[in-house]
Amino acid sequence: MYGEQANKLVVDAKRIQNLPHLPPYASTVVRATTKEVRDLDRETMNLLAQSGDGTQIKSFFNPADDPSTACALLVNHLSMRRNKRCLLAYHRTRTDKLEQMCWAGVDVSNLSQTTNNGQPSGRNSAGPVNSLSAEEEQYVHQYNDLLAAYKGRWTDVDLTGSLEPPKDIFIDVRVLKDAGEIQTEYGSINLTKNSQFYVRQADVERLIQQGYLQRLS
Amino acid sequence: MDQDIQDILASVSAPTIPQRSIDLQALTRAWVQERTSPELLPYPSDLIERTMERLKKQIDNIENMTGTMDPQANFTLVIFQTELERFKFLIRSFLRARIAKIDKFAQHYLAQPDCLSPLEREYLHAHSSLLSAHYSTSFLSSFPIQLQKLDDTTGGISMVDKPDEDTAVFCRVLRDILEPVEVYGESETNDVELRRGDVWVLRWSAVREAVIRGDIELI
Numbered sequence: 001m002y003g004e005q006a007n008k009l010v011v012d013a014k015r016i017q018n019l020p021h022l023p024p025y026a027s028t029v030v031r032a033t034t035k036e037v038r039d040l041d042r043e044t045m046n047l048l049a050q051s052g053d054g055t056q057i058k059s060f061f062n063p064a065d066d067p068s069t070a071c072a073l074l075v076n077h078l079s080m081r082r083n084k085r086c087l088l089a090y091h092r093t094r095t096d097k098l099e100q101m102c103w104a105g106v107d108v109s110n111l112s113q114t115t116n117n118g119q120p121s122g123r124n125s126a127g128p129v130n131s132l133s134a135e136e137e138q139y140v141h142q143y144n145d146l147l148a149a150y151k152g153r154w155t156d157v158d159l160t161g162s163l164e165p166p167k168d169i170f171i172d173v174r175v176l177k178d179a180g181e182i183q184t185e186y187g188s189i190n191l192t193k194n195s196q197f198y199v200r201q202a203d204v205e206r207l208i209q210q211g212y213l214q215r216l217s
Numbered sequence: 001m002d003q004d005i006q007d008i009l010a011s012v013s014a015p016t017i018p019q020r021s022i023d024l025q026a027l028t029r030a031w032v033q034e035r036t037s038p039e040l041l042p043y044p045s046d047l048i049e050r051t052m053e054r055l056k057k058q059i060d061n062i063e064n065m066t067g068t069m070d071p072q073a074n075f076t077l078v079i080f081q082t083e084l085e086r087f088k089f090l091i092r093s094f095l096r097a098r099i100a101k102i103d104k105f106a107q108h109y110l111a112q113p114d115c116l117s118p119l120e121r122e123y124l125h126a127h128s129s130l131l132s133a134h135y136s137t138s139f140l141s142s143f144p145i146q147l148q149k150l151d152d153t154t155g156g157i158s159m160v161d162k163p164d165e166d167t168a169v170f171c172r173v174l175r176d177i178l179e180p181v182e183v184y185g186e187s188e189t190n191d192v193e194l195r196r197g198d199v200w201v202l203r204w205s206a207v208r209e210a211v212i213r214g215d216i217e218l219i
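From first to last, the protein sequence lines are chains A and B.
Heads up: the first sequence begins at 1 in the UniProt record's numbering, then just goes up one per residue.
Heads up: the second sequence begins at 1 in the UniProt record's numbering, then just goes up one per residue.
For reference, chain A alone in the conformation it holds in the complex (with noise of 0.2 Å):
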């Protein structure tokens, strides 16, 4: 009790942080947690009537009368607040990695699927298993929706685009995947696998992004 559960969230957000893909969602810690909460609140809440009449609770409370209640009362408050901080905190750090995901334009609903496999992770090894929980899908798909909203307004500058400063105009580029004939103001391409080609950046750009193509230097 008292943190514990919470230090392992913290952990394993930090552990998030450095990982190129996302973990499956810690429930049963989140679960413990959140109910960790519930049970030092309630007790919080006994501990005042204890120290009340009975019957209602105490508006204003000495800590000089009782020491011993007080503290309970503190470390119980602190521990509240502490849990509350490393949800958010480990929620949050997720989040972040999926706003990411999303500005890279990785599709998320693959997400689910692939990022478990060929991850000697040890638990759960019964087949894949979503590593996203519900609310988190929800969550990354009303903000894809919001950044192409955003980006919508946007188009002629492309806010997904590279943030590498531009060098030249026209890029090597082989394909690693066939991607069919795309349009460019230099007439139709046909992008067959292993073929090479002299084309302008802001042309493929995404299709670099997506892994169709492979940049050469």
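Treat the hints with care, since some could be wrong.
As the list claims (entries may be wrong) - Each computed DSSO-like pair below joins lysine-lysine, with the alpha-carbon atoms no more than 30 Å apart:
#	chain 1	residue 1	chain 2	residue 2
1	A	Lys97	B	Lys56
2	A	Lys177	A	Lys167
3	A	Lys97	B	Lys162
4	B	Lys149	A	Lys35
5	A	Lys97	B	Lys104
6	B	Lys162	A	Lys193
Claimed, not checked - What follows is a set of in silico ranges between Cβ atoms, one per label pair, in the way DEER data are often shown:
#	chain 1	residue 1	chain 2	residue 2	range
7	A	Asp39	B	Tyr184	44 to 50 Å
8	A	Ala32	B	Lys149	30 to 36 Å
9	A	Thr69	B	Ser142	58 to 64 Å
Don't read these hints as lab results, they were simulated from the structure.
Here a beta-carbon is modelled for each residue, glycine too, at the ideal position from N, C-alpha and C.
Since chain A is already given, all that's left is putting chain B on it; use the hints.
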């Protein structure tokens, strides 16, 4: 150093320089400052609007030129396109730097949205309501009522994350600052005089006003 003074002179004695060059310089400066300052700077709406208009014109221009397929124009076209890509990069990077700060200190900017553009405000509101809905469906709704707030500032640690105003920034003085700036170290405070052309490392809080006025630029 000579080059720097040229730059500064150019920015001070404006009249002979066409508006577009000034805008480019202003945009570059805004971009550098936004990336280096810990805090969100006021949104230069006029500047961005002018640039976006010019960008649109240039895109049309380029499309027309590719339409004619004049081999003579090809070289010019490449230069135009390179310029266009660079402009797009500047604006993109500038906006992304702002979004990153808005996301990081969402609660703080919700309380004081003066520096944001209307679009950014919209984004911030939508984003933070998404986030709080996510928190509350995930765990916060089963919390005791008094602990459900997200912008609680009581109880030791404030929940509102603020930009660090005392962090150090590199800056160059563009115009003499008449009032000496007070800097404080570990044990004592001191005054420094800022003369044009000087380069300093100072606390952001000490130069903040002058940067917004345009007397000092961040580098």
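Which numbered hints fail
1, 6, 8 and 9
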